[in-house]
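Using the sequences and the accompanying hints, generate a full structural model.
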Amino acid sequence: MELTVILLLPAITSALSLSAIGRRYAAPITLVSAVVVLVLATVVAWHAAYAGRIDALDQWLTCDALGALVLVLVAVVSFTAALFSWGYIVGHRGHHSEAEIQRYYGLYNLFVLSMLAVPLLANVALMWIAVELTTLLSAFLVGYEDTPEALEAAWKYVVLTTLGAVLALLGFLILYWGSRVAGYEPFTWQGLVEAAPKMPPALLWPAFLLILVGFGTKVGLVPMHTWLPDAHSQAPASICALLSGVETTTVLYVILRLFPVIGVAQGLDARPWFIGFGLVSVGIATLLLIYVRDFKRMFAFSTVEHMGIILFAAGLGGVDAHLGAAYQMTGHAIAKSFCFFAAGMTAMTIGTQDIASVRGLIRSSPLAALTMAAGALAIAGAPPFAVFVSELAILKAGVASGQYAAIALLSAFIVIGFCAVLFHVNRMVFGVPPAGTAIAIATPATCKATLALAAIPLLLIGIYVPGPLHDLLKAAALAMGS
Amino acid sequence: MNGSPYPVIAALDALTGALFLLTALGVVATRQVLASLQLFIVQSLLLTLSAVLLGIALESIHLFAVAVITIGTKTLMIPWLLRHTVSSEVYRTREIQRVLNIPTSLLLSAVLIVLAYVITNPLIGAVEVPFAAINLPLGVAAIFLGAFTIVVRREAVPQLLGLLAVENGVFFAGVAIVPSLPVIAELAAAVDVPVITLVMGLLTRQIHRRLGTTSVGELAALREH
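Chains A and B supply the protein sequences, listed in that same order. Residue numbers in the first sequence follow this note's numbering, run continuously in steps of one, and reach 489 at the last position. Residue numbers in the second sequence follow this note's numbering, run continuously in steps of one, and reach 675 at the last position.
Honestly, the hints are just simulated from the structure, not real lab data. Since this is a predicted model, take the numbers as computed values, not measurements. Incorrect hints may have been included.
To be verified - One side only, chain B facing chain A, incomplete, derived with CB under 8 Å: (1) Leu573; (2) Val577; (3) Gly624; (4) Leu631; (5) Ala635; (6) Val645; (7) Ile646; (8) Leu661; (9) Val666; (10) Leu672.
What the hints assert, rightly or not - Incomplete in silico selection of chain A near chain B, CB under 8 Å: (11) Glu139; (12) Asp153; (13) Pro155; (14) Pro207; (15) Pro213.
Ideal placement from N, C-alpha and C gives every residue a C-beta, glycine not left out.
Right under this line is the structure:
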């Protein structure tokens, strides 16, 4: 019941946003819908953590703990981003017409719907469609600003991630072939885990690689990441929060689902591939973090880094590492969306995204400075934020499993990334503002409210993980296989 | 095909596959945007033909559904959508500046086709499926050529057609390896392709209006400095 409503509500809200009602009320109804979805997602997660899997609609929809974790993260960020949009898109509307704002909300809700559908659709073929739709529905949101840069970013985003998704489709067709050969009919994750031991490895292995590389493009794994910093820096801040905070995680979730499938197959091992792709992504991302000149691009590269860390943790195997991965997914979604809200506010007040042009933010705009600093510390992994705790857990699990070389490299990369992010943000926040820096516009109240609300989980979950969340993370870690 | 239970259909399917691959090569090599679109339509018709041939041989109703959906979306709907989103000026465009010249592109294409045969060989050896030996390597070759098209062509519409050619390649392989794909997946794919075309067509229109060009390969404002 909850699962069906979670998918129906954004669809209805999208239609309402595009109708005559949406002309005045698109922002508030989107917000109300996001709150209801968040409440329902929490109920589903509660159930998934304590009572196990939920099925709905004659088993077309299903949700276990790992799916519920992704569901809740999408719901949280789509709520904060909806609140931020109110001030950012409607309040500070620039050259955009009313119709364009309505279209923004229509697509916003559909984009959220496609992300919510990924962890809920039981049939793997339908889930592939949902992933593909996340790209297609967000393309115009990426290009919303209608600048040459934004359109270039939107084009690259669609071409490369769709190409990746089509490669992944071949992977899924081969998986289906394999499960038919093994004599299994239902094309679900559960069915695949059951079929995997009987599947010919010659089929399972190319399917795995096609999906890893194909969907890895959308996750932003190096070397398929080239579109990501463009799209994640040119989209409006509210959309960046969704793209970077949860869209990447939603697709990474699909790749993580393959881990238990490969784990039970004969003679195959996904671990070296996860660790390899993870390390390369983290390494290249931290190097790019040093040279970056645009602060939204900086947060985008940090997303590539975090996706690499999560994939690495998944590849280590074992409940401890997987718990670290689940915790890192949570910490990343909350901190990264916060960073983009702060970056959006900074860009709004200063009028540029260029790091070198921003100095002494603490004097010209204390609120932007404070949130930028907090966001940067949280995402770089300073204590007492969640990313620090999860990265420590992952490193500990890696040492326990004896992967010393990989862990040494990962630690070095994380430290470089940490220093790079803090170096850039330090230069922006402190120092003397260049002459002529004027505060362009007053920050809309809903944007301030978003930052205040989003700061609560940001500050809290590193210090205190509520019991139910811990149980959800634990159950999600178990669902990732061992 | 030694010992194939369907010698005539296998021969016809192989012929269809060869022509299918030729159209993929054509999309790599043509300069004219309109000609690329026509080649893509021919390619989709050949995919339909292969689905029908396999449908007859394997007595699979699903493959006839694939054929109907392919005809409907790829040969009717896509040209219609493109005509209504992208201005006719774009179709008259000839690409003078390519990333690679045509002989080099074709030479690399040949390498990609050989590669497709090499990498699909273990799959065909692993499981005996009629027609997989024809359709799987040719489908993978078309995937490579479609992706290669995206790399070498700078115009927006040929890049879109390259992407759709990759999709055709996946389905060309798909009809042989999973002839019983659930209808729901086929229908979903039928929705996906027109949506890709609509989104990219509208984006092309927006780029044309805003920047006065559709040569998306030359857009390079965003990069690390």
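Each hint tested on the structure:
For the restraint placing Leu573 of chain B at the interface with chain A, the shortest Cβ-Cβ distance is roughly 6 Å, inside the 8 Å limit, so the hint holds. Taking 8 Å as the C-beta cut-off, the interface hint given for Val577 of chain B holds, the closest approach to chain A being about 6 Å. At about 5 Å, the closest approach between the beta carbon of Gly624 of chain B and any beta carbon in chain A falls short of 8 Å, and the interface hint on this residue holds. Taken as an interface hint, Leu631 of chain B checks out: its beta carbon lies about 7 Å from the nearest beta carbon of chain A, inside 8 Å.
Because the closest C-beta pair between Ala635 of chain B and chain A is about 4 Å apart, less than 8 Å, the hint holds. Hint on Val645 of chain B holds. Least Cβ distance to chain A is approximately 5 Å, under the 8 Å limit. The closest approach between the C-beta of Ile646 of chain B and any C-beta of chain A is roughly 6 Å, which is under the 8 Å cut-off, so the hint is satisfied. Hint status for Leu661 of chain B relative to chain A: holds, with the closest Cβ pair at about 6 Å, below 8 Å.
For Val666 of chain B, the interface hint holds, since its Cβ comes within 8 Å of a Cβ in chain A; the closest pair sits about 5 Å apart. Nearest Cβ of chain A to the Cβ of Leu672 of chain B: about 4 Å, under the 8 Å cut. The hint holds. The restraint placing Glu139 of chain A at the interface with chain B holds, with a minimum CB-CB distance near 6 Å, inside the 8 Å limit. A hinted interface residue such as Asp153 of chain A counts as satisfied when its beta carbon comes closer than 8 Å to some beta carbon of chain B; here the least separation is about 6 Å, so the hint holds.
Of the supplied interface hints, the one on Pro155 of chain A holds, with its beta-carbon coming within about 6 Å of a beta-carbon of chain B, less than 8 Å. Checking Pro207 of chain A against chain B: minimum C-beta separation of about 5 Å stays under 8 Å; hint holds. Because the beta carbon of Pro213 of chain A sits about 6 Å from the nearest beta carbon in chain B, less than 8 Å, this interface hint is met.
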